[in-house]
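Colleague: In case you want the letters, here they are:
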Amino acid sequence: MDGDFEPKILGIFCNWCSYAGADMAGTSRMQYPPNVRIVRVLCSGRVDPQFVLKAFELGADGVLVAGCHPGDCHYVKGNYRAERRIALLKEMIKQLGIEPERLMLKWISASEGAELVKTTEEFLTVIKELGPSPLRKKS
Amino acid sequence: MPVKVMFVQLASCWGCHQSLLDLHETLADVLPQLEIVFWHTVVDYKLHDVEKLPDGSVDVGFTEGFCRTEEDLHLLKLARQKCKLLVSYGTCSTYGSIPSLLNLYPIEEALSRKFKEAESVVEGRIPDKHVPKMLEHVKPNREYVKYDLFLPGCPPEPPLIAGVVTSLLKGETPKLKDRTLCDEWPRVKSDVIVLKKVKRDFEGIPEPEKCLLEQGYICMGPATREGCGAVCTSAGVPCKGCMGPGPNVMDQGAKMLSALASIVDYESVSPEDLVKAVKDVVGTFSRFTLPSSIIPKAVFKKK
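Protein chains in written order, with my numbering: chain S, 1 to 139; chain C, 1 to 303.
Treat the hints with caution; some may be incorrect.
[Stated by the list, open to error] Each computed SDA-like pair below joins lysine to any residue, with the alpha-carbon atoms no more than 25 Å apart:
| hint | chain 1 | residue 1 | chain 2 | residue 2 |
| --- | --- | --- | --- | --- |
| 1 | S | K8 | C | F300 |
| 2 | C | K139 | S | G97 |
| 3 | S | K128 | C | V299 |
| 4 | C | K84 | C | P32 |
| 5 | C | K240 | S | G97 |
| 6 | C | K240 | S | K128 |
| 7 | S | K94 | C | T41 |
| 8 | S | K54 | C | K139 |
| 9 | C | K276 | S | G131 |
| 10 | S | K77 | C | A277 |
| 11 | S | K94 | C | R200 |
| 12 | C | K139 | S | E99 |
| 13 | S | K128 | C | F300 |
| 14 | S | K8 | C | I294 |
| 15 | S | K94 | C | V249 |
| 16 | S | K77 | C | V299 |
| 17 | C | K133 | C | T41 |
| 18 | S | K137 | C | T41 |
| 19 | C | K240 | S | D48 |
| 20 | S | K94 | C | K175 |
| 21 | C | K276 | S | K128 |
| 22 | C | K196 | S | V76 |
| 23 | S | K137 | C | P32 |
| 24 | C | K301 | S | Q50 |
| 25 | C | K279 | C | I193 |
| 26 | C | K197 | S | G71 |
| 27 | C | K175 | C | K199 |
| 28 | S | K106 | S | L135 |
| 29 | C | K4 | C | S19 |
| 30 | C | K197 | S | V76 |
| 31 | S | K77 | C | K301 |
| 32 | C | K240 | S | P33 |
Since the hints were made in silico from the structure, they are not lab data.
Remember, predicted model here, so these are calculated numbers, not experimental data.
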């Protein structure tokens, strides 16, 4: 079964940097793994911890939150908030028996299409090594 | 005609029932109007007496505590069957409360810790005869049966109880206020809160008038429903969140985590500092509501 394991990864990307970065990767014809389903939010600071927990509850194998580099946030401080939320959330999911490596926060700017490809590929490798999420429902 | 009531205790500490006694003189007005058909701390009716009652013959039932054993579950279902109106009385019954943090551990490990490894135990063994079977994990009672009214609080405060009981006796449907604790109580808050340092409850003495969160204490006020009369916060003790989540919130813990992360000063508190300051994330933010959170229990690797 592990051989055919295709992880489901939720990407929550900020509108101004990371989503534009994904766009950049697309227009430059770079390919990134189709395992990542991207949801656009206006700011990484908009990512409510409930979204991440809900994703895990519904069986996501990994959640990738991406936002602007520190200092670049369109709303000044949103990414700093995201950074602290994700740090606490990692602890929370660790206590709930989910490997904290399944949750990742990455800064990707609008011009970093290549960085986005690299990040998603690396994250996919990490998740594949971890195997299916313990909360994943058997299909 | 007196109103028939039953009080059911599931796994809990009796604190909620003791809180009833804090009604003092109000009890003298209320009690003559009640006919107690089952309440095992107070009257000598047995379980089989309840089983014999016709379905729906009791007017109001109060359940305290959560279902830890199959016996609790049986009692809860029985209460639903016999009562016209079922009230979830206290936080254990409504959200799961502190003892349900045991959901973070496998039940085998918990039993072995309690009956074999505890420091006071000599030649311990896990009891298996004449005791009801433990349930794997705690679920909020409302996932087992339908409730008509929720009355959270650890324990519910006497004015809240008095309000509910008197309106029930008048035949009205009581309604809880849908606001957060911070809306209710009068501590002085600034427009923008920036925390330079996150403190633990025992550090320093809080200023009497100023918002506790603003002073650096982790106070669950913004994520907690009002109705407790702010007994802790008026005495300078940060709110622990026993009234459960406020309106339109799925997960009290996640919301408070989010709130705290957004008010710390990012120049003086790094993410690592914050994690260090909070120490026990689930135990701090989801202290009372773990079983009704989005992820209600820890998942364990199969050995």
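Colleague: Each hint needs a verdict: does it hold in this structure or not?
Modeller: Hints and how they fare:
Under the criterion of a C-alpha separation no larger than 25 Å, the hint pairing K8 (chain S) with F300 (chain C) is consistent with the structure, at around 21 Å. With a C-alpha separation of about 18 Å, the suggested pairing of K139 (chain C) with G97 (chain S) holds against the 25 Å cut-off. Distance check on the hinted pair: K128 (chain S) and V299 (chain C) sit about 19 Å apart at the alpha-carbon level, within 25 Å; holds. Taken as a hint, the K84 (chain C) and P32 (chain C) pair is honoured in the structure, with Cα atoms around 20 Å apart against an allowance of 25 Å.
Annotation: proposed proximity of K240 (chain C) to G97 (chain S) holds, straight-line Cα distance about 24 Å (limit 25 Å). As the CA atoms of K240 (chain C) and K128 (chain S) are separated by approximately 39 Å, the hinted pair breaks the 25 Å bound. Restraint check for K94 (chain S) and T41 (chain C): the C-alpha separation of about 41 Å exceeds 25 Å, so the hint is violated. A distance of roughly 18 Å separates the Cα atoms of K54 (chain S) and K139 (chain C); the hinted pair therefore holds under the 25 Å criterion.
At most 25 Å may separate the alpha-carbon atoms for a hinted pair to count; K276 (chain C) and G131 (chain S) exceed this at roughly 29 Å. As the CA atoms of K77 (chain S) and A277 (chain C) are separated by approximately 21 Å, the hinted pair is consistent with the 25 Å bound. Annotation: proposed proximity of K94 (chain S) to R200 (chain C) holds, straight-line Cα distance about 22 Å (limit 25 Å). As the CA atoms of K139 (chain C) and E99 (chain S) are separated by approximately 23 Å, the hinted pair is consistent with the 25 Å bound.
A C-alpha spacing of about 19 Å is found between K128 (chain S) and F300 (chain C), which places the hinted pair at or below 25 Å, so the restraint holds. At roughly 19 Å between alpha-carbon atoms, K8 (chain S) and I294 (chain C) fall within 25 Å of each other, so this suggested pair holds. Among the hinted pairs, K94 (chain S) with V249 (chain C) is consistent with the structure: their alpha-carbon atoms are about 22 Å apart, no more than 25 Å. Only pairs whose Cα atoms come within 25 Å are accepted, and K77 (chain S) paired with V299 (chain C) is rejected, the gap being roughly 34 Å.
A C-alpha spacing of about 23 Å is found between K133 (chain C) and T41 (chain C), which places the hinted pair at or below 25 Å, so the restraint holds. With a CA separation close to 43 Å, the supplied pair K137 (chain S) and T41 (chain C) exceeds the 25 Å bound. For the suggested pair K240 (chain C) and D48 (chain S), the alpha carbons sit about 21 Å apart, so the restraint of at most 25 Å is met. Restraint check: the Cα-Cα separation between K94 (chain S) and K175 (chain C) comes to about 38 Å, which exceeds 25 Å; the hinted pair is violated.
For the proposed pair K276 (chain C) and K128 (chain S), the alpha carbon gap of about 30 Å is over 25 Å, so the pair is violated. The hinted pair formed by K196 (chain C) and V76 (chain S) meets the criterion: a straight-line CA distance of about 18 Å does not exceed 25 Å. Between K137 (chain S) and P32 (chain C) the alpha-carbon distance is near 54 Å, which puts this suggested pair outside the 25 Å criterion. The straight-line distance between the Cα atoms of K301 (chain C) and Q50 (chain S) is roughly 24 Å, inside the 25 Å bound, and the hint therefore holds.
Distance hint between K279 (chain C) and I193 (chain C) is fulfilled; the C-alpha atoms sit about 22 Å from each other, no more than 25 Å. Proximity of K197 (chain C) to G71 (chain S) is assessed by CA-CA distance (about 22 Å); at most 25 Å being required, the pair is judged to hold. For a cut-off of 25 Å, the pair hint linking K175 (chain C) to K199 (chain C) is broken: about 36 Å separates their Cα positions. With a CA separation close to 24 Å, the supplied pair K106 (chain S) and L135 (chain S) stays within the 25 Å bound.
Under the criterion of a C-alpha separation no larger than 25 Å, the hint pairing K4 (chain C) with S19 (chain C) is consistent with the structure, at around 20 Å. For the proposed pair K197 (chain C) and V76 (chain S), the alpha carbon gap of about 21 Å is at most 25 Å, so the pair holds. For the hint linking K77 (chain S) to K301 (chain C), the alpha-carbon distance of about 38 Å lies beyond 25 Å, and the restraint is violated. About 43 Å separates the Cα atoms of K240 (chain C) and P33 (chain S), which puts this hinted pair outside 25 Å; it is violated.
Going down the numbered hints, you'll see the structure goes against 6, 7, 9, 16, 18, 20, 21, 23, 27, 31, 32, while the others check out.
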